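Undergrad: With positions in the sequence shown counted from 1, the corresponding number in our numbering is that position plus 59.
Mixed in with the good hints there might be a few duds.
[Claimed, not checked] The calculated label-pair distances, taken between Cβ atoms and stated as ranges, are:
{"id": "1", "residue 1": "Ser-176", "residue 2": "Pro-109", "range": "19 to 27 Å"}
{"id": "2", "residue 1": "Ser-184", "residue 2": "Ser-159", "range": "19 to 27 Å"}
{"id": "3", "residue 1": "Asp-148", "residue 2": "Val-83", "range": "34 to 42 Å"}
{"id": "4", "residue 1": "Phe-192", "residue 2": "Glu-147", "range": "16 to 24 Å"}
{"id": "5", "residue 1": "Thr-134", "residue 2": "Asp-185", "range": "24 to 32 Å"}
{"id": "6", "residue 1": "Asp-155", "residue 2": "Gly-90", "range": "19 to 27 Å"}
{"id": "7", "residue 1": "Ala-82", "residue 2": "Asp-185", "range": "28 to 36 Å"}
{"id": "8", "residue 1": "Asp-135", "residue 2": "Asp-177", "range": "16 to 24 Å"}
Worth flagging that the hints you see were computed from the coordinates, not collected in a lab.
Please read these numbers as outputs of a predicted model, since none were measured by experiment.
From the three backbone atoms N, C-alpha and C, an ideal C-beta is built for every residue, glycine too.
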Amino acid sequence: MDASPTPDPRRFAPTTGLPGLDAVLCGVAPGDNIVWQIQSLDDYRALVLPYAAAARSQQRRLIYFRFAAHPALITDGDGVEIHHPRPEDGFDAFVDQVHSVIEAAGPETLYIFDCLSDLADAWQSDRMLGNFFRLT
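Build out the structure end to end from the sequences listed, making use of the hints.
TA: Put into structure tokens, the structure is as follows:
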């Protein structure tokens, strides 16, 4: 007789939405940040869309930080909350805008960010982009 407990279907189990990628990454843990170096927006969208679909199927809150000049990765109709922090307001203001959304959202919320290279362009500093990674 197996005495192991029945898994709770509501247990928070983050995923990329791509089982093969999850296996390569040895799973995704709560709090993980996955950042991609991409050649085209279509490459990134191919990763974002399965991630968003997995969030919907797990009934997880999904927030999209939309700040770049490129076309949107996903839309309101995709079951996502879209927030518009403003990099042109400066580094500190942008970080405050992002962090206030994250703090209000609570645990087990999933996030998508626009291409981060636009932040380095807006702030004219790769160092500030690195600081954003450390702070967020």
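Undergrad: For each hint, tell me whether it holds in the structure or not.
TA: Evaluation of the provided hints:
{"no.": "1", "hint": "Ser-176 / Pro-109: 19 to 27 Å", "verdict": "holds (22 Å)"}
{"no.": "2", "hint": "Ser-184 / Ser-159: 19 to 27 Å", "verdict": "holds (22 Å)"}
{"no.": "3", "hint": "Asp-148 / Val-83: 34 to 42 Å", "verdict": "holds (37 Å)"}
{"no.": "4", "hint": "Phe-192 / Glu-147: 16 to 24 Å", "verdict": "holds (20 Å)"}
{"no.": "5", "hint": "Thr-134 / Asp-185: 24 to 32 Å", "verdict": "holds (30 Å)"}
{"no.": "6", "hint": "Asp-155 / Gly-90: 19 to 27 Å", "verdict": "holds (21 Å)"}
{"no.": "7", "hint": "Ala-82 / Asp-185: 28 to 36 Å", "verdict": "holds (32 Å)"}
{"no.": "8", "hint": "Asp-135 / Asp-177: 16 to 24 Å", "verdict": "holds (21 Å)"}
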